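Student: All chains should be built: construct the whole structure from the sequences, respecting the hints.
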Amino acid sequence: MSINSIKAIFKKQCKDLWKNKAILIQFTLFPFLCLMMTFLIKTEQFTHMFFANLFSTMYIGMTPLSSMNSIIAEEKESGTLSMLRMLRVKSVEYFIGAGSSVFLMCLLVSISFGFVAGYSFSQFIMYIVIESLGIIISMIIGSVIAMFTKNQSAATSIATPIRMMISFFPMISMLNPDIKCYFGFLYTQQINNSLADLSNNEKFFDCLKITSITIVVLVGVFILLYKKNNKQE
Amino acid sequence: MKCIEINELSKVIAGKIILDKVTFHVDEGEIFGLLGPSGAGKTTIMNILCGQRKATSGQTIINGIKSEMLPDDVLKNIGIMFDDYSLYDRLSCFDNLLLITDILKIDKNEIFNVLRKVGLEDSKDKAVSKLSKGMKQRLLFARAIIHKPKLLFLDEPTSSLDPSTTLLIHNVIRDLKKEKTTVFLTTHNMHEAHKLCDNIALLSNGKIVEYGNPDEICLKYQSELEVALTFDDGRIEKLFLTNKNIDILYNYLKNNCVKSIHSSDVNLETIFIKLTGKGLK
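If you're matching them up, the sequences are chains A and B in order.
In terms of the numbering used here, the first sequence opens at residue 806 and continues consecutively.
In terms of the numbering used here, the second sequence opens at residue 8 and continues consecutively.
If you're looking for bench data, these hints aren't it; they were derived computationally from the structure.
As the structure is a prediction and not an experimental result, all values here were calculated from the model.
There could be a bad hint or two in this list.
Said to hold, decoys possible - Taking lysine-lysine pairs in the DSSO-like style, the calculated list, with each CA pair at most 30 Å apart, reads:
hint, chain 1, residue 1, chain 2, residue 2
1, B, K137, A, K824
2, B, K83, A, K1032
3, B, K131, A, K820
4, B, K140, A, K955
5, B, K28, A, K1033
6, A, K824, B, K131
7, A, K881, B, K112
8, B, K23, A, K1033
9, B, K137, A, K955
10, B, K143, A, K1032
11, A, K1033, B, K157
12, B, K23, A, K1032
13, B, K143, A, K881
14, B, K143, A, K826
As the list claims (entries may be wrong) - Distance ranges between label pairs, derived from CB positions:
hint, chain 1, residue 1, chain 2, residue 2, range
15, A, N809, B, S45, 37 to 43 Å
16, B, K185, A, M969, 36 to 42 Å
17, B, P170, A, N956, 50 to 56 Å
18, A, T965, B, D114, 43 to 49 Å
19, A, S962, B, S166, 29 to 35 Å
20, B, D132, A, L840, 33 to 39 Å
Just so it is clear, CB atoms sit at the ideal spot from N, CA and C, and this is done for glycine as well.
Tutor: The following block contains the structure:
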């Protein structure tokens, strides 16, 4: 693995991200909604923590997935991904390089939700760990979808229902706890369960287990699809 | 010494024969042109040589190594300019090239050198989306040569370009040849191929129909010198300069009715049409 290639792609992606208005808007939308709902809705049922948990879970399901999906689909469609492969940039190097910039941006925004929720220091650390894992999983799903599809519009049309499901099921279960058990397989549901009670170590470790397994499986799928894309028929 | 060897290369996709036992070679340090109309298989050959596609049968060898097994250090000495290897639109010319220098660990000053070579030094901070087609083509070319490759693949490097940009790219290619770079280019512009290339191959429907030095190929098919006469009354007549026809020409000139005379030398396009029944475009 070449650290050079990773650094080069990371640098390129950071510059590109700041000029990509379509993606930048996604990073600001959920924090804005969270702040708005937190300070405008004054009922006992909906505390600061409620909205912070709700929007941070939805944010993890939506933004990293659509960002990576959009970045990779665009690179594939424009031919820049083929150009990088010709320079012998490996799939892992590309994912780490391009993904790091998205990960850092997503994590910064997640931290803002943490401040809104008002966690203690130890809770905040656990929160960051869970959010990081969730961001990575969403990024991998977005990348896999982009690698599988032929162009950007196809990638978006597949990614949109998936990210809606991933983000909205935990939200629905927050409002209707009776159906929570049906969404237990989803990593966002596990994250939401853990965020709802960060002092519960069992829930935290269950969440870590499921998210870690999900990451390993998805990384394997991504590498296979990247290599398959490398050699055309 | 042979830089590229292609032996009995065939490619079949969904039952359709794209390449049919193509065989030719490219010597080190020469400019080689692969001519053919759109869909002849030129880009497919390039993709196979660069390891981007697999051949159905046959061999492609670069510097003695099979092209599908080229090690990373050899691949990094190859420059490629494909039409579908695009640029990062939101980034500037400089940043697009910076990515390449960072990955290949090249001195960043080469960016300024290469931008100067292709005449884009004043546009280095301009976003690619704001460049004209000709400027983008020049930037793609700059990206292909920034690391001073020993072997350069150019897929229709001057298609849709204005004459001055075309001339600039031709001059850079000639400079690269002086530095012993082997250039393999595809084109359907026979003037470009004739002007630039040491050797060419004419490709039609996946088969090589002619191969060799452009001048020698033209000489091979130039059976007789032909002239086209335009008369004062607008009539045009073509004459092969046989002994009999020279007397006819002499009479025309004596009668002072010839407005202009042009020689109709054979060129690569007429040869291609003669061999295949269709044009190069």
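Student: Does each hint hold? Answer for all of them.
Tutor: A quick look at each hint next to the structure:
no. : hint                        : result
1   : B:K137 / A:K824             : holds, 14 Å
2   : B:K83 / A:K1032             : holds, 19 Å
3   : B:K131 / A:K820             : holds, 15 Å
4   : B:K140 / A:K955             : holds, 25 Å
5   : B:K28 / A:K1033             : holds, 27 Å
6   : A:K824 / B:K131             : holds, 17 Å
7   : A:K881 / B:K112             : holds, 24 Å
8   : B:K23 / A:K1033             : holds, 22 Å
9   : B:K137 / A:K955             : holds, 26 Å
10  : B:K143 / A:K1032            : holds, 29 Å
11  : A:K1033 / B:K157            : holds, 29 Å
12  : B:K23 / A:K1032             : holds, 25 Å
13  : B:K143 / A:K881             : holds, 19 Å
14  : B:K143 / A:K826             : holds, 23 Å
15  : A:N809 / B:S45: 37 to 43 Å  : holds, 38 Å
16  : B:K185 / A:M969: 36 to 42 Å : violated, 60 Å
17  : B:P170 / A:N956: 50 to 56 Å : violated, 35 Å
18  : A:T965 / B:D114: 43 to 49 Å : holds, 45 Å
19  : A:S962 / B:S166: 29 to 35 Å : holds, 33 Å
20  : B:D132 / A:L840: 33 to 39 Å : holds, 36 Å
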